[in-house]
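With the hints as constraints, model all of the structure from the sequences given.
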Amino acid sequence: MSLPAADSLLLAEAKVGITLKDKQREAVLAVLQNKDVFCVLPTGCDQQSNFTSKGICVEYVGEIQHDQDVIKNIVSGNVPLILISPENITCNPLYRGMLHNNVFKDNMVVLPIGEAHCVKTWGDYFQTTLAEFGHIGSSLPSVPVIAATATATKTTFESVVKSLLMEIVVVIGISSCRNNIFLTVTSVSLNCNFVYDKIELFLDLYLIYAPGKSIVCQYCLLDLYTRASTEDVEKSPSCICEREFTN
222 MSLPAADSLL LAEAKVGITL KDKQREAVLA VLQNKDVFCV LPTGCDQQSN
272 FTSKGICVEY VGEIQHDQDV IKNIVSGNVP LILISPENIT CNPLYRGMLH
322 NNVFKDNMVV LPIGEAHCVK TWGDYFQTTL AEFGHIGSSL PSVPVIAATA
372 TATKTTFESV VKSLLMEIVV VIGISSCRNN IFLTVTSVSL NCNFVYDKIE
422 LFLDLYLIYA PGKSIVCQYC LLDLYTRAST EDVEKSPSCI CEREFTN
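According to my numbering, the sequence shown is numbered sequentially starting from 222.
Treat the hints with care, as some may be off.
Lysine to any residue pairs mimicking SDA-like chemistry, simulated, CA-CA at most 25 Å apart [stated by the list, open to error]:
1) K244 x K275
2) K383 x C339
3) K293 x S274
4) K242 x S229
Simulated from the structure, these hints should not be mistaken for lab results.
So this is what it looks like as C-alpha coordinates:
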(Lines of atoms letter the chains of each structure in order from A and count residues from 1; the text may use other names and numbers.)
(Lines give C-alpha, C1' and ligand atoms only; values in the text may rest on other atoms or scores of the structure.)
Protein backbone atom coordinates (compact mmCIF):
# COMPACT_ATOMS: atom_id res chain seq x y z
CA MET A 1 0.00 0.00 0.00
CA SER A 2 1.38 3.41 -0.95
CA LEU A 3 2.24 5.92 1.74
CA PRO A 4 0.37 9.22 2.11
CA ALA A 5 1.97 12.06 0.15
CA ALA A 6 3.24 13.82 3.28
CA ASP A 7 4.99 10.68 4.54
CA SER A 8 6.47 9.96 1.12
CA LEU A 9 7.82 13.51 0.97
CA LEU A 10 9.48 13.15 4.37
CA LEU A 11 11.15 9.94 3.21
CA ALA A 12 12.35 11.67 0.03
CA GLU A 13 13.81 14.54 2.07
CA ALA A 14 15.67 12.09 4.27
CA LYS A 15 16.96 10.15 1.26
CA VAL A 16 18.55 13.17 -0.42
CA GLY A 17 19.53 14.86 2.83
CA ILE A 18 17.46 18.03 2.68
CA THR A 19 14.84 19.68 4.83
CA LEU A 20 12.20 21.65 2.99
CA LYS A 21 10.80 24.81 4.48
CA ASP A 22 7.10 24.85 5.31
CA LYS A 23 6.05 26.78 2.21
CA GLN A 24 8.22 24.63 -0.05
CA ARG A 25 6.68 21.49 1.42
CA GLU A 26 3.21 22.96 0.94
CA ALA A 27 3.97 23.59 -2.74
CA VAL A 28 5.26 20.06 -3.36
CA LEU A 29 2.27 18.48 -1.64
CA ALA A 30 -0.10 20.54 -3.78
CA VAL A 31 1.68 19.32 -6.93
CA LEU A 32 1.41 15.73 -5.68
CA GLN A 33 -2.34 16.34 -5.48
CA ASN A 34 -2.22 17.26 -9.17
CA LYS A 35 -2.95 20.93 -8.55
CA ASP A 36 -1.39 23.89 -10.35
CA VAL A 37 0.68 26.02 -7.99
CA PHE A 38 1.75 29.67 -8.04
CA CYS A 39 4.67 30.28 -5.66
CA VAL A 40 5.91 33.67 -4.55
CA LEU A 41 8.89 32.73 -2.42
CA PRO A 42 12.53 33.76 -1.93
CA THR A 43 14.85 31.80 -4.19
CA GLY A 44 18.36 30.42 -4.04
CA CYS A 45 21.03 30.18 -6.69
CA ASP A 46 23.14 27.64 -8.58
CA GLN A 47 20.22 25.23 -8.72
CA GLN A 48 21.99 22.66 -10.90
CA SER A 49 24.79 21.95 -8.42
CA ASN A 50 22.24 21.74 -5.60
CA PHE A 51 20.71 18.72 -7.33
CA THR A 52 23.90 17.05 -8.55
CA SER A 53 25.46 17.30 -5.10
CA LYS A 54 22.55 15.16 -3.84
CA GLY A 55 23.09 12.52 -6.52
CA ILE A 56 20.17 13.68 -8.68
CA CYS A 57 20.88 13.61 -12.42
CA VAL A 58 20.07 16.95 -14.00
CA GLU A 59 20.89 18.46 -17.38
CA TYR A 60 20.72 22.08 -18.48
CA VAL A 61 19.71 22.84 -22.05
CA GLY A 62 20.51 26.38 -23.13
CA GLU A 63 19.89 27.94 -26.50
CA ILE A 64 22.81 25.98 -27.95
CA GLN A 65 23.43 22.35 -27.00
CA HIS A 66 25.96 20.43 -29.12
CA ASP A 67 26.59 17.40 -26.91
CA GLN A 68 24.73 14.65 -28.75
CA ASP A 69 24.94 12.25 -25.81
CA VAL A 70 23.20 14.78 -23.59
CA ILE A 71 20.54 15.41 -26.21
CA LYS A 72 19.96 11.67 -26.66
CA ASN A 73 19.62 11.10 -22.91
CA ILE A 74 17.17 13.96 -22.56
CA VAL A 75 14.92 13.05 -25.47
CA SER A 76 14.88 9.36 -24.52
CA GLY A 77 13.71 10.22 -21.01
CA ASN A 78 16.83 9.10 -19.16
CA VAL A 79 17.23 12.42 -17.32
CA PRO A 80 14.85 12.84 -14.37
CA LEU A 81 15.25 16.60 -14.16
CA ILE A 82 15.67 18.88 -17.18
CA LEU A 83 16.42 22.60 -16.96
CA ILE A 84 15.59 24.08 -20.34
CA SER A 85 15.38 27.58 -21.80
CA PRO A 86 12.03 29.00 -22.98
CA GLU A 87 13.33 29.25 -26.54
CA ASN A 88 14.19 25.55 -26.70
CA ILE A 89 11.01 24.18 -25.20
CA THR A 90 8.75 26.38 -27.33
CA CYS A 91 10.59 26.84 -30.62
CA ASN A 92 12.91 23.86 -31.05
CA PRO A 93 10.93 21.03 -32.72
CA LEU A 94 13.18 18.41 -31.09
CA TYR A 95 12.40 19.42 -27.52
CA ARG A 96 8.85 20.56 -28.21
CA GLY A 97 8.11 17.20 -29.78
CA MET A 98 9.65 15.13 -26.98
CA LEU A 99 6.89 16.25 -24.63
CA HIS A 100 4.44 14.26 -26.72
CA ASN A 101 6.30 10.96 -26.90
CA ASN A 102 5.10 8.13 -24.67
CA VAL A 103 8.04 8.31 -22.28
CA PHE A 104 7.22 11.87 -21.28
CA LYS A 105 3.45 11.39 -21.41
CA ASP A 106 3.67 8.45 -19.01
CA ASN A 107 6.38 9.72 -16.65
CA MET A 108 6.34 13.52 -16.58
CA VAL A 109 5.19 14.63 -13.13
CA VAL A 110 5.37 18.43 -13.22
CA LEU A 111 6.07 21.36 -15.54
CA PRO A 112 7.90 23.91 -13.37
CA ILE A 113 8.42 27.44 -14.66
CA GLY A 114 11.01 29.56 -12.86
CA GLU A 115 11.02 33.36 -12.91
CA ALA A 116 7.33 33.11 -13.76
CA HIS A 117 6.82 36.88 -13.77
CA CYS A 118 8.74 36.90 -17.07
CA VAL A 119 5.76 35.21 -18.72
CA LYS A 120 4.06 38.58 -18.39
CA THR A 121 6.95 41.05 -18.63
CA TRP A 122 8.74 39.26 -21.47
CA GLY A 123 5.73 37.64 -23.04
CA ASP A 124 4.60 41.03 -24.29
CA TYR A 125 7.82 41.29 -26.29
CA PHE A 126 8.58 37.66 -27.14
CA GLN A 127 5.17 36.35 -28.12
CA THR A 128 6.55 33.27 -29.89
CA THR A 129 8.39 31.96 -26.83
CA LEU A 130 7.07 32.69 -23.35
CA ALA A 131 3.50 33.21 -24.53
CA GLU A 132 3.60 29.64 -25.89
CA PHE A 133 3.89 28.09 -22.43
CA GLY A 134 0.12 28.01 -22.11
CA HIS A 135 -0.20 25.82 -25.19
CA ILE A 136 2.45 23.45 -23.84
CA GLY A 137 0.60 23.08 -20.56
CA SER A 138 -2.73 22.51 -22.29
CA SER A 139 -1.22 19.68 -24.33
CA LEU A 140 -0.28 17.94 -21.06
CA PRO A 141 -3.56 18.17 -19.13
CA SER A 142 -2.59 15.58 -16.51
CA VAL A 143 0.69 17.33 -15.66
CA PRO A 144 0.44 20.07 -13.01
CA VAL A 145 2.19 23.40 -13.53
CA ILE A 146 4.16 25.13 -10.80
CA ALA A 147 5.01 28.77 -11.52
CA ALA A 148 7.67 30.18 -9.20
CA THR A 149 8.92 33.71 -8.71
CA ALA A 150 10.44 35.74 -5.91
CA THR A 151 8.16 38.68 -6.55
CA ALA A 152 4.86 39.28 -8.31
CA THR A 153 2.01 41.75 -8.13
CA LYS A 154 -1.60 40.68 -8.24
CA THR A 155 -1.74 41.86 -11.86
CA THR A 156 1.25 39.70 -12.74
CA PHE A 157 -0.30 36.74 -10.95
CA GLU A 158 -3.53 37.07 -12.93
CA SER A 159 -1.64 37.45 -16.20
CA VAL A 160 0.60 34.43 -15.58
CA VAL A 161 -2.30 32.19 -14.54
CA LYS A 162 -4.21 33.20 -17.65
CA SER A 163 -1.23 32.79 -20.00
CA LEU A 164 -0.32 29.36 -18.63
CA LEU A 165 -3.95 28.19 -18.60
CA MET A 166 -3.52 27.16 -14.97
CA GLU A 167 -6.51 25.59 -13.22
CA ILE A 168 -7.39 24.96 -9.56
CA VAL A 169 -4.47 27.21 -8.64
CA VAL A 170 -3.01 26.94 -5.16
CA VAL A 171 -1.27 30.18 -4.21
CA ILE A 172 1.66 29.86 -1.85
CA GLY A 173 3.69 32.86 -0.90
CA ILE A 174 5.32 35.13 1.59
CA SER A 175 4.55 38.83 1.40
CA SER A 176 7.39 40.98 0.13
CA CYS A 177 6.26 43.71 2.53
CA ARG A 178 8.80 44.13 5.31
CA ASN A 179 9.43 46.77 7.93
CA ASN A 180 12.90 47.31 6.49
CA ILE A 181 11.70 47.71 2.88
CA PHE A 182 10.37 51.04 1.77
CA LEU A 183 9.83 53.07 -1.38
CA THR A 184 11.15 56.56 -1.85
CA VAL A 185 10.58 58.44 -5.09
CA THR A 186 12.70 61.46 -5.92
CA SER A 187 12.56 63.50 -9.08
CA VAL A 188 16.10 64.45 -10.04
CA SER A 189 17.68 66.63 -12.64
CA LEU A 190 20.87 65.87 -14.50
CA ASN A 191 22.87 67.48 -11.71
CA CYS A 192 25.70 65.02 -11.10
CA ASN A 193 26.61 66.50 -7.72
CA PHE A 194 23.08 65.77 -6.48
CA VAL A 195 23.39 62.16 -7.58
CA TYR A 196 26.78 61.75 -5.92
CA ASP A 197 25.41 63.22 -2.68
CA LYS A 198 22.62 60.64 -2.70
CA ILE A 199 25.07 57.79 -3.27
CA GLU A 200 27.22 59.00 -0.39
CA LEU A 201 24.12 59.06 1.82
CA PHE A 202 23.37 55.45 0.91
CA LEU A 203 26.93 54.42 1.73
CA ASP A 204 26.72 56.20 5.09
CA LEU A 205 23.51 54.32 5.88
CA TYR A 206 25.22 51.05 5.00
CA LEU A 207 28.15 51.76 7.32
CA ILE A 208 25.79 52.54 10.20
CA TYR A 209 24.44 49.00 10.16
CA ALA A 210 26.23 46.54 12.42
CA PRO A 211 28.26 43.66 10.95
CA GLY A 212 26.09 40.71 10.04
CA LYS A 213 23.22 42.89 8.91
CA SER A 214 22.66 44.24 5.45
CA ILE A 215 20.87 47.00 3.66
CA VAL A 216 20.08 47.03 -0.03
CA CYS A 217 19.51 50.37 -1.70
CA GLN A 218 18.21 50.68 -5.21
CA TYR A 219 18.68 54.10 -6.75
CA CYS A 220 16.81 55.02 -9.92
CA LEU A 221 17.69 58.06 -12.00
CA LEU A 222 14.63 59.17 -13.95
CA ASP A 223 15.83 60.94 -17.07
CA LEU A 224 14.07 62.70 -19.92
CA TYR A 225 13.30 59.40 -21.64
CA THR A 226 11.40 57.87 -18.71
CA ARG A 227 7.75 57.48 -19.57
CA ALA A 228 6.38 57.12 -16.05
CA SER A 229 6.49 60.20 -13.86
CA THR A 230 7.37 60.14 -10.18
CA GLU A 231 3.80 61.15 -9.42
CA ASP A 232 2.52 57.99 -11.11
CA VAL A 233 4.81 55.80 -9.04
CA GLU A 234 3.88 57.56 -5.80
CA LYS A 235 0.20 56.97 -6.49
CA SER A 236 0.73 53.25 -7.13
CA PRO A 237 2.78 51.85 -4.23
CA SER A 238 0.83 48.60 -4.43
CA CYS A 239 2.88 47.72 -7.51
CA ILE A 240 5.66 46.52 -5.21
CA CYS A 241 3.73 45.75 -2.05
CA GLU A 242 0.98 43.30 -2.95
CA ARG A 243 0.15 41.39 0.22
CA GLU A 244 -2.28 38.81 -1.03
CA PHE A 245 -3.38 37.02 -4.15
CA THR A 246 -6.87 35.72 -4.66
CA ASN A 247 -7.44 32.14 -5.76
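- Item | Structure-inconsistent hints, enumerated in ascending order | none
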